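Model the placement of chain B on the given structure of chain A, informed by the hints.
Line order of the protein sequences matches chains A and B. Under the numbering used here, the first residue of the first sequence carries the number 1, and numbering increases by one thereafter. Under the numbering used here, the first residue of the second sequence carries the number 208, and numbering increases by one thereafter.
Watch out, some of these pointers could steer you wrong.
Derived DMTMM-like pairs: lysine to aspartate or glutamate, alpha-carbon spacing no greater than 20 angstroms straight-line [claimed, not checked]:
#1 B/LYS215 x A/GLU196
#2 A/LYS75 x B/GLU370
#3 A/LYS179 x A/GLU160
#4 A/LYS75 x B/GLU374
#5 A/LYS97 x B/GLU350
#6 B/LYS373 x B/ASP352
#7 A/LYS98 x B/ASP398
#8 A/LYS78 x B/GLU370
#9 A/LYS98 x B/GLU384
#10 B/LYS215 x B/GLU240
#11 B/LYS215 x A/GLU191
#12 A/LYS98 x A/GLU149
#13 A/LYS98 x A/GLU54
#14 B/LYS218 x A/GLU196
#15 A/LYS97 x B/GLU384
#16 A/LYS75 x B/ASP352
#17 B/LYS218 x A/GLU191
#18 B/LYS373 x A/GLU22
#19 A/LYS78 x A/GLU22
#20 A/LYS98 x A/GLU58
#21 A/LYS98 x B/GLU350
#22 B/LYS371 x B/ASP352
Simulated from the structure, these hints should not be mistaken for lab results. Source: prediction; values computed, not measured.
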Amino acid sequence: MMKEDDPSPARENAEVLAAVQETLNGDTSAFRIVVDRYTPLLFSLSLRMLGGREDAEEAVQEIFLKVFASLRSFKLEKRFLPWIYTIALNHLRTSFKKRSRRRRVETVLPHEDLAARPGDGDRVGPEHRLFLAQAEAAAGRALLRIRHEYRAVFILRALEGLSVSEIATIMGIPEGTVKTFFRRARQNLAELIFRETRETPDGIGSI
Amino acid sequence: MNCREWEKNFKNWLQANETLDVIRPTLPRSLAEHPAGCPACRFRYQVFANLSQPDSEPIEAPTDLPRRVMAAVQRRSAAPVYRRFSIPAFAVAVAAAAFAAVLMITLPTRRPDSSTVTVRLALAAPRARTVAVAGDWNAWNPESDRLFDVNGDGVWEIELHLEKNKEYRYQFIINGESWIPDPRAGLQVEDGFGGTNSVLDI
Chain A
1 MMKEDDPSPA RENAEVLAAV QETLNGDTSA FRIVVDRYTP LLFSLSLRML
51 GGREDAEEAV QEIFLKVFAS LRSFKLEKRF LPWIYTIALN HLRTSFKKRS
101 RRRRVETVLP HEDLAARPGD GDRVGPEHRL FLAQAEAAAG RALLRIRHEY
151 RAVFILRALE GLSVSEIATI MGIPEGTVKT FFRRARQNLA ELIFRETRET
201 PDGIGSI
Chain B
208 MNCREWEKNF KNWLQANETL DVIRPTLPRS LAEHPAGCPA CRFRYQVFAN
258 LSQPDSEPIE APTDLPRRVM AAVQRRSAAP VYRRFSIPAF AVAVAAAAFA
308 AVLMITLPTR RPDSSTVTVR LALAAPRART VAVAGDWNAW NPESDRLFDV
358 NGDGVWEIEL HLEKNKEYRY QFIINGESWI PDPRAGLQVE DGFGGTNSVL
408 DI
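In isolation and in its complexed conformation, chain A is listed as follows:
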């Protein structure tokens, strides 16, 4: 099950494949169709996987460069979406490791980008908005602390709404493993949330 606003696989594939073919024929500008279509998805995924807006923008650019460089290896009879997701997740795994090494001194990973999204403030009071923003930021930080594979499965399933079989295809693992990773991700997240909020007097914002 894809998100409702996503195009049908057949239509997505027809448009994207035509653009891929044109790009391979030498018209690099046709690649813009691919970039326009998948930038929102890759940015959302990268932001959740890496936790920072600047890192996510850099990652999206690098992922597209890899996609562009690898276009010839794409099998035209396949769907493009799982293929691009696979490249993205592999890139994000490496990016996250580099980023973690670079910022090892930080004890709290910044995740204000996710918390700063507009919307709730229009409907609720400032106090409740702050509460929701803190919770969302803590959720983002907790996500960054679980194993890469668990995080990827959890984000693709719970937040991006992909099906188990789609995730299995993208990650190259059996469906049973997807389910196991999802379950463990949820358990680990729950464990983290309780453990990290236990020590402070109000229990808030310590994740």
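Positioned in the frame of chain A, the structure of chain B alone reads:
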């Protein structure tokens, strides 16, 4: 019910409701009462709830990001910088990977009546724990093609069956984190990220 009891009950409930079909099952009344009067547990549940539902408001990418991406793609497409293998580049790569000796052998052999070519890649890296190769043929997946040191002599090897009449770019990955070009490849090309890809033309 105090906080510890609620935590225990919440985790038990979570375990009993682990299903992929219902990502965010409704909290039963018995578990909803405590967080209603306890700000800390209400916060904990809210954190978990944020992790358990698709976003009602999707994250928006910067509007100029596609344009910047295309500019980078056009730069790469318009000006690929090819260069021959050079000793300093190799020395830097090896130093970064902290390996004593690296030796590469590439032996393409054509199989008759076949559209593929068997390519054997070998890398002497006696201190490596793992060696893999990522390239155009495997969507740059650093885990799909691993080399093996079968006889323990420090030389890691892999045989690949690649479509012929194609050009492939690739790098070796040592211990899952150090990306290095093939030091003996006939052609090296900048990868656009400050590194170097090796080119295999078969």
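Mind listing which of the numbered hints don't hold for this structure, in increasing order?
No numbers; nothing is violated.
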